[in-house]
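Student: Here are the chains, one letter per residue:
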Amino acid sequence: MATTVMLLDAPFVPGRFVEPFTADHPGLGGVCTFVGEVRGDTGVEALELLHYAPLTLPGMEQLAAAAAERFDLMGLLVIHRVGVMQPGEPIVLVSACARHRRGAIDAVDYCMDHLKSNSWFWKREQRGDGWHWIEPRDQDHADLARWQV
Amino acid sequence: MAVTLVFIGKLADLAGEGERQVPGPLHWADLPSLLDADLAAAVAGERTRVAVNGELLADKTALAAQDGDEVAFLPPVSGG
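Heads up: the protein sequence lines correspond to chains S and W, in order.
So the first sequence is numbered by this note's numbering: it starts at 79 and just counts up by one.
So the second sequence is numbered by this note's numbering: it starts at 942 and just counts up by one.
These aren't lab readings, by the way, just hints derived from the structure by calculation.
Cβ atoms here follow ideal geometry from the backbone N, Cα and C, with glycine treated the same way.
It cannot be assumed that every hint is accurate.
Said to hold, decoys possible - Here are the simulated DMTMM-like pairs of lysine to aspartate or glutamate, each with C-alpha atoms no more than 20 Å apart in a straight line: (1) K201(S) <-> D954(W); (2) K201(S) <-> E126(S); (3) K951(W) <-> D977(W); (4) K951(W) <-> E126(S); (5) K201(S) <-> E960(W); (6) K1001(W) <-> E1011(W); (7) K201(S) <-> E115(S); (8) K951(W) <-> E213(S); (9) K201(S) <-> D191(S); (10) K951(W) <-> D207(S).
As the list claims (entries may be wrong) - Just so you have them, the derived chain W footprint on chain S, three or more residues with Cβ under 8 Å: (11) 119-131; (12) 205-215.
In isolation and in its complexed conformation, chain S is listed as follows (with noise of 0.2 Å):
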């Protein structure tokens, strides 16, 4: 089963990697795909993300083969931006197919809920009084704690 693991410094359109990522797996029963924007809260000017390199990669590589082995799937897709991004950009695409939906399913809600809160990446926010470290939410953990069965 093939994994694509991805960072980008750039604005990506996630139809551009999800068209030929199904394409590429003919015979699947279903992809399942999530895509996360950059949320218009009020306030916000601009979101920035940092990562390691030596880390995060690595790590997120070490995610798709965990969900991988986890779950029954054909492929999986995991795309994440670093920088600097305006509201309404996507920062995070999932896409998962297998033979049948449940996999490809819990695979995106596994690698997202990881993602989210259990990967090298660090966040501002640029606010109209400069910029703001975020940290996780408490929503966050208790998404994650709900793989560690």
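Assemble the complex: chain S is given as a structure, and chain W must be docked to it using the hints.
Tutor: For chain W alone, coordinates are given in the frame of chain S:
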């Protein structure tokens, strides 16, 4: 050759720079004399992790870096 210190996120704000070279070898006990007090305190904080050449240390106080190594100080992640 030297040891490269890498400061990420809010630690880079405290350090005033993202990277710094210091002479090796470098041990955990050397840090207070090399870093400003507020940066040293943040580095020692319970939630700051340390990686040497991309390998996380299970016990950061066991830090032992040589010339040519890269030591990264990692604050709590904020997720994607």
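Student: Hint by hint, note whether the structure agrees.
Tutor: The hints, checked one at a time:
1. For a cut-off of 20 Å, the pair hint linking K201(S) to D954(W) stands: about 13 Å separates their Cα positions.
2. Pair hint K201(S) plus E126(S) holds up; C-alpha atoms about 6 Å apart against a cutoff of 20 Å.
3. Pair hint K951(W) plus D977(W) holds up; C-alpha atoms about 14 Å apart against a cutoff of 20 Å.
4. For the suggested pair K951(W) and E126(S), the alpha carbons sit about 13 Å apart, so the restraint of at most 20 Å is met.
5. Among the hinted pairs, K201(S) with E960(W) is consistent with the structure: their alpha-carbon atoms are about 19 Å apart, no more than 20 Å.
6. Of the supplied pair hints, the one linking K1001(W) and E1011(W) holds, its CA atoms being roughly 14 Å apart against a limit of 20 Å.
7. Restraint check for K201(S) and E115(S): the C-alpha separation of about 14 Å stays at or below 20 Å, so the hint holds.
8. Restraint check for K951(W) and E213(S): satisfied, since their Cα atoms lie roughly 11 Å apart, inside the 20 Å limit.
9. Taken as a hint, the K201(S) and D191(S) pair is honoured in the structure, with Cα atoms around 16 Å apart against an allowance of 20 Å.
10. Between the alpha carbons of K951(W) and D207(S) the distance comes to roughly 16 Å, so the proposed pair stays at or under 20 Å and holds.
11. Counting residues of the region 119-131 of chain S whose C-beta lies closer than 8 Å to any C-beta of chain W gives 3; at least three are required, and the coverage claim holds.
12. Proximity of the region 205-215 of chain S to chain W, defined as three or more residues with a beta carbon under 8 Å from a beta carbon of that chain, is established by the 4 residues found.
In this structure, none of the earlier numbered hints is contradicted; all agree with it.
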